[in-house]
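Protein chains: 4
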Amino acid sequence: MSVSVTTFREAGMGKNRLEAFSDGVLAIIITIMVLEMKVPHGDTLQALRPLLPVFLSYVLSFVYLGIYWNNHHHMLHTAEKVGGAVLWANLHLLFWLSLVPFVTGWMGENHFTAAPTALYGVVLLMAAVSYFVLQHAIIAAQGQDSVLKAAIGSDWKGKLSVVAYAMAIPASFWSPAIGWAIYVLVALLWLVPDRRIERVLGNQVVP
Amino acid sequence: MSVSVTTFREAGMGKNRLEAFSDGVLAIIITIMVLEMKVPHGDTLQALRPLLPVFLSYVLSFVYLGIYWNNHHHMLHTAEKVGGAVLWANLHLLFWLSLVPFVTGWMGENHFTAAPTALYGVVLLMAAVSYFVLQHAIIAAQGQDSVLKAAIGSDWKGKLSVVAYAMAIPASFWSPAIGWAIYVLVALLWLVPDRRIERVLGNQVVP
Amino acid sequence: MSVSVTTFREAGMGKNRLEAFSDGVLAIIITIMVLEMKVPHGDTLQALRPLLPVFLSYVLSFVYLGIYWNNHHHMLHTAEKVGGAVLWANLHLLFWLSLVPFVTGWMGENHFTAAPTALYGVVLLMAAVSYFVLQHAIIAAQGQDSVLKAAIGSDWKGKLSVVAYAMAIPASFWSPAIGWAIYVLVALLWLVPDRRIERVLGNQVVP
Amino acid sequence: MSVSVTTFREAGMGKNRLEAFSDGVLAIIITIMVLEMKVPHGDTLQALRPLLPVFLSYVLSFVYLGIYWNNHHHMLHTAEKVGGAVLWANLHLLFWLSLVPFVTGWMGENHFTAAPTALYGVVLLMAAVSYFVLQHAIIAAQGQDSVLKAAIGSDWKGKLSVVAYAMAIPASFWSPAIGWAIYVLVALLWLVPDRRIERVLGNQVVP
Numbered sequence: 001m002s003v004s005v006t007t008f009r010e011a012g013m014g015k016n017r018l019e020a021f022s023d024g025v026l027a028i029i030i031t032i033m034v035l036e037m038k039v040p041h042g043d044t045l046q047a048l049r050p051l052l053p054v055f056l057s058y059v060l061s062f063v064y065l066g067i068y069w070n071n072h073h074h075m076l077h078t079a080e081k082v083g084g085a086v087l088w089a090n091l092h093l094l095f096w097l098s099l100v101p102f103v104t105g106w107m108g109e110n111h112f113t114a115a116p117t118a119l120y121g122v123v124l125l126m127a128a129v130s131y132f133v134l135q136h137a138i139i140a141a142q143g144q145d146s147v148l149k150a151a152i153g154s155d156w157k158g159k160l161s162v163v164a165y166a167m168a169i170p171a172s173f174w175s176p177a178i179g180w181a182i183y184v185l186v187a188l189l190w191l192v193p194d195r196r197i198e199r200v201l202g203n204q205v206v207p
Numbered sequence: 001m002s003v004s005v006t007t008f009r010e011a012g013m014g015k016n017r018l019e020a021f022s023d024g025v026l027a028i029i030i031t032i033m034v035l036e037m038k039v040p041h042g043d044t045l046q047a048l049r050p051l052l053p054v055f056l057s058y059v060l061s062f063v064y065l066g067i068y069w070n071n072h073h074h075m076l077h078t079a080e081k082v083g084g085a086v087l088w089a090n091l092h093l094l095f096w097l098s099l100v101p102f103v104t105g106w107m108g109e110n111h112f113t114a115a116p117t118a119l120y121g122v123v124l125l126m127a128a129v130s131y132f133v134l135q136h137a138i139i140a141a142q143g144q145d146s147v148l149k150a151a152i153g154s155d156w157k158g159k160l161s162v163v164a165y166a167m168a169i170p171a172s173f174w175s176p177a178i179g180w181a182i183y184v185l186v187a188l189l190w191l192v193p194d195r196r197i198e199r200v201l202g203n204q205v206v207p
Numbered sequence: 001m002s003v004s005v006t007t008f009r010e011a012g013m014g015k016n017r018l019e020a021f022s023d024g025v026l027a028i029i030i031t032i033m034v035l036e037m038k039v040p041h042g043d044t045l046q047a048l049r050p051l052l053p054v055f056l057s058y059v060l061s062f063v064y065l066g067i068y069w070n071n072h073h074h075m076l077h078t079a080e081k082v083g084g085a086v087l088w089a090n091l092h093l094l095f096w097l098s099l100v101p102f103v104t105g106w107m108g109e110n111h112f113t114a115a116p117t118a119l120y121g122v123v124l125l126m127a128a129v130s131y132f133v134l135q136h137a138i139i140a141a142q143g144q145d146s147v148l149k150a151a152i153g154s155d156w157k158g159k160l161s162v163v164a165y166a167m168a169i170p171a172s173f174w175s176p177a178i179g180w181a182i183y184v185l186v187a188l189l190w191l192v193p194d195r196r197i198e199r200v201l202g203n204q205v206v207p
Numbered sequence: 001m002s003v004s005v006t007t008f009r010e011a012g013m014g015k016n017r018l019e020a021f022s023d024g025v026l027a028i029i030i031t032i033m034v035l036e037m038k039v040p041h042g043d044t045l046q047a048l049r050p051l052l053p054v055f056l057s058y059v060l061s062f063v064y065l066g067i068y069w070n071n072h073h074h075m076l077h078t079a080e081k082v083g084g085a086v087l088w089a090n091l092h093l094l095f096w097l098s099l100v101p102f103v104t105g106w107m108g109e110n111h112f113t114a115a116p117t118a119l120y121g122v123v124l125l126m127a128a129v130s131y132f133v134l135q136h137a138i139i140a141a142q143g144q145d146s147v148l149k150a151a152i153g154s155d156w157k158g159k160l161s162v163v164a165y166a167m168a169i170p171a172s173f174w175s176p177a178i179g180w181a182i183y184v185l186v187a188l189l190w191l192v193p194d195r196r197i198e199r200v201l202g203n204q205v206v207p
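Residue numbers (the working numbering), protein chains in the order written: chain A, 1 to 207; chain B, 1 to 207; chain C, 1 to 207; chain D, 1 to 207.
Next up, chain A with everything else stripped away, as it sits in the complex (with noise of 0.2 angstroms):
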C-alpha cells in the first residue's frame, strides 16, 4: 500500500504541476485578451460599434484557446511520464499561444485587414507544429504501448488542420475573406472534443 502512494505520487508530480503551470498560462492569455476591448468613451449602443471586430475576434480567439485546452486536457491524461523534452514542448506550444492575444488585438483593431488575418494565421500556424512536437514528444516518453499513440491514429485533423493555416496565409493577401472563413471552419472541426481518445479509453470515465 505505501508504495502504491508512493508510485502515485511520483509519477503524477511531475505531470500536476506541468498541467497546473499551462492551465495559468492558458488562463491568462484568455482573459488578458479581453483587456484589448477597452472601455469606449460614449455611453450610447452606437459607442460600442468600433468594438464589433474586436469582439468577433476576439470570440474567435477564445474558441481556439479552449480548443487547445481541451485537446491538451486529453492529451496529457494519456500520459504517465513527462520528462524534460515534453517540459519544453509544452513551453513551446505556450510561446506561440502566448502570442494570440497581440495578433487577435491586431486584427480585430484593423477590422480583419490583408496583413493582421495572415499574421494570425501564422500564428494559429506556428502553435499546431508546436502541438505536433508535443504530441511526438509525449508519444516518445510513454514508450511502445502509448495510449496516446494509438489514440491519436493517423490524425487527420492536425494534419488537415495544418494544411489549412498554411493555405490561409497567403490567401489573405489576396483576400482576407478566404483566411478567417478557414480560421472559422478550422474551429469547428475541432470544437468537437478529441474522441479519439475517449474511445481508445473505452469504459473509463475520464473525459
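Calculated directly from the structure, the hints in this document are not laboratory data.
Given the structure is predicted, the values throughout are model-derived calculations rather than measurements.
Mixed in with the good hints, there may be bad ones.
[Said to hold, decoys possible] In silico BS3-like pairs for lysine-lysine, Cα to Cα no more than 27 angstroms straight-line: (1) C:K38 <-> D:K38; (2) C:K81 <-> B:K149; (3) C:K38 <-> B:K81; (4) A:K15 <-> D:K38; (5) B:K38 <-> A:K38; (6) D:K81 <-> D:K159.
[What the hints assert, rightly or not] Computed from the model, here is a short list of chain B residues facing chain C with C-beta under 8 angstroms: (7) D43; (8) G66; (9) A85; (10) V123.
Don't be surprised by glycine CBs; every beta carbon is placed ideally from N, CA and C.
Position chains B, C and D relative to chain A; hints supplied.
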C-alpha cells in the same frame, strides 16, 4: 486498494483540471477588474471622488464573481464524471464571465447611465443561462441518481435570477436605477451559499 | 481503507479549491502591481530615478502580500472543514487585498504624500480586520478542539497590527513619514513566519 | 494505512501550495510580458518592424522564465519538507523574477542600448543569487541525506551563470552586444534540463 487509488485518480483528474482552470480564469477576471480603477493624478482625497462609481461597480461585480465561484465550487463538488460536453459548457460560462470587467468598466465610467446598465444585465443574463446549461450538462453526465439533480430541486433561485435580469435590461433604458436595484437584490439573494446542496449532502463535512 | 480515501477526498476537496483560488488571486495581485512601474522613455539610469518611489512602494506591498500568503497558508493548513462562511470570509479578505495595487500605485506616484499614505493604511487595516474575521470563521467551523485556536493564542501580533494601522491613518495626515515608518515596522514584525502554529503542530513536518 | 495517507497529506500539502503559488506567479510573469508588445496602428507588415527588438527581448525572457520554471520544478521535486525559510526564499526569488517584464520592456523599447542591457543583467544576477539562497534553504530543511545536495554536486552551471551575469553588467556599458551575447549563451547553457537531478533519482519516472 490499488484499484481504489486508481479510481480516485482517474475520476478526479479531469474534474480537478476543470476546477483548476476555472479557478484560474475566475481569479484573473476578479483581479483585472481592479485595473479599471486608474490611479488618479491628484494626491488629495477629492481626487478619488470621480472613482466612486467605478469602485461601486467593482464591488458589485466582485460579489457576482464571488457568487459564481462559490456556486461553481458547490456544483462541481457533486460531479463525479466530466466529459466533453461539461468542458465546453464550462468554457461557455467562462466566456460570458470574462466580459464582466468590460461591462463593469463601461458602467462605472459612465456613472450608471442607461445603455451600460442594460448591457451589464445582458452579460449577467447570458452568464446565468450558461450556468443553467452547465448544470444540465453535469446532471446528464452523472446519470439517473445525480446528487446535483436532487440538490437543486426546483432551482427557483436560478429561474428567478434569469427573469429578473431579463426585466432589468429594458427597465434600464426607462430608468437605470431600476436596473441597479435589481442587480443588487439578485446578488443579495445569492449571497446565501447554496444550502440546498449542503443539505442533501447531509452530515458530510464538505462545503 | 476505502472509507479513509473517501474521507480524505471529501475533507480536502473544498479546502484545496479554496487554497487554489486564493493562491491564484494573490499571485495575480502580487504580479500586476509591477505593471504600475511604467517603462520610462529615456534609456539612461537617470530615467529610472522618478520610478524609485514607485519601486519602494512595490517592495513594501510585495512583502505585505507575501506575509498574507504565508500566514494564509499556515492558517488554512490547520483547517479541516470549510463551509460557506469560510468561503465568503476568504473572498472578503481577497477583496481588500485586491485594492493593494491601486493604493500602492497612488502612493508611489505621489511620492508618499499624506492622503495616499493614509489610504494605504485604510486598505491594510481592512485587510487585517477581514483576516481576523476569516480566522474566527475557520475556528468556528473546526469546533471546540480547533488546532488554530490553540495556535494563535492571544494573537498579540494581529491585535497590535490593527492598532498600529489605526494610528498610522490619522498620523499620515500630520506627517506621512510616521505612516511609512509604522507600515515598515509592522511588516518586519510579521516577516517572522507564524511560529505559533508550527510550535503547536510540534514534530509534524508541515510548514 | 490511515497513517500513510495522513503522512502523504501533511508532507505534501505545504509543498503543493508552494508549487501552485510559484506556478501562478511564473505563469502571470511569462504572460504579461506579451502586453509590452503594443498592437501597432498600421495594418502592414512594415508596421511590425519597430516591434522586432521588443519581440526578441520577449523571446529571451520567455526562455529565461521557462528555464527558471523548469529548474524550480526539478528542485522542488526533491524537497520533502518546506518551512518558513523556504517559503520566504521562494518569495525572494519570485520578487526578482517579477521585475523581468519591466527590464524586458525597457531593453526592447530602447533597442538594446547600454543602461537597459546592464539593468537586465542586474535582475538576472539577483534572480540567480536568490535561486542559490532557495537551493540552500531547501537543502537545510531536508537534513544530511538531501537528495538535492547530492544532485547539484559542484553546481558549476549555477556558479558560472552568476560570474557571467556579473561580467555582463559592466561590459554592457562598454558594448551592449557583449551583454546580449552573454545572456544568450547562458540561456543556451541552461536549456538542457537539470539532468543532474534526473541522474541521481535514477530509475524513477519523475522528470
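Quiz item: Going straight from one Cα to the other, do K15 (chain A) and K38 (chain D) come out at no more than 27 angstroms?
Solution: violated, 34 angstroms
Self-check item: Restraint check for K81 (chain D) with K159 (chain D), where alpha carbons must lie at most 27 angstroms apart
Solution: Judged against 27 angstroms, a Cα distance of about 25 angstroms means the pair holds.
Practice problem: Sort out whether K149 (chain B) lies within 27 angstroms of K81 (chain C), counting only the CA atoms. | Solution: holds, 24 angstroms
Self-check item: Given hint K38 (chain A) paired with K38 (chain B) - CA-CA distance at most 27 angstroms
Solution: Given pair K38 (chain B), K38 (chain A) holds - Cα atoms ~13 angstroms apart, limit 27 angstroms.
Self-check item: Pairwise hint evaluation, K38 (chain D) against K38 (chain C), where the allowed Cα distance is 27 angstroms at most
Solution: Between K38 (chain C) and K38 (chain D) the Cα gap is close to 13 angstroms, so the pair holds against 27 angstroms.
Quiz item: When you check the alpha-carbon spacing of K38 (chain C) and K81 (chain B), does it fall within 27 angstroms?
Solution: violated, 46 angstroms
Quiz item: Is the interface hint for V123 (chain B) satisfied, with its Cβ closer than 8 angstroms to some Cβ of chain C?
Solution: violated, 20 angstroms
Self-check item: Satisfaction of the G66 (chain B) interface hint, Cβ to chain C closer than 8 angstroms
Solution: holds, 4 angstroms
Quiz prompt | When the least beta-carbon distance from D43 (chain B) to chain C is tested against 8 angstroms, hint result | solution = holds, 4 angstroms
Quiz item: Should the interface hint for A85 (chain B) be scored as holding, given a Cβ-Cβ cut-off of 8 angstroms against chain C?
Solution: Hint on A85 (chain B): violated, closest Cβ of chain C at ~22 angstroms, above 8 angstroms.
In the structure shown, a violation is registered for the earlier hints numbered 3, 4, 9, 10, in ascending order.
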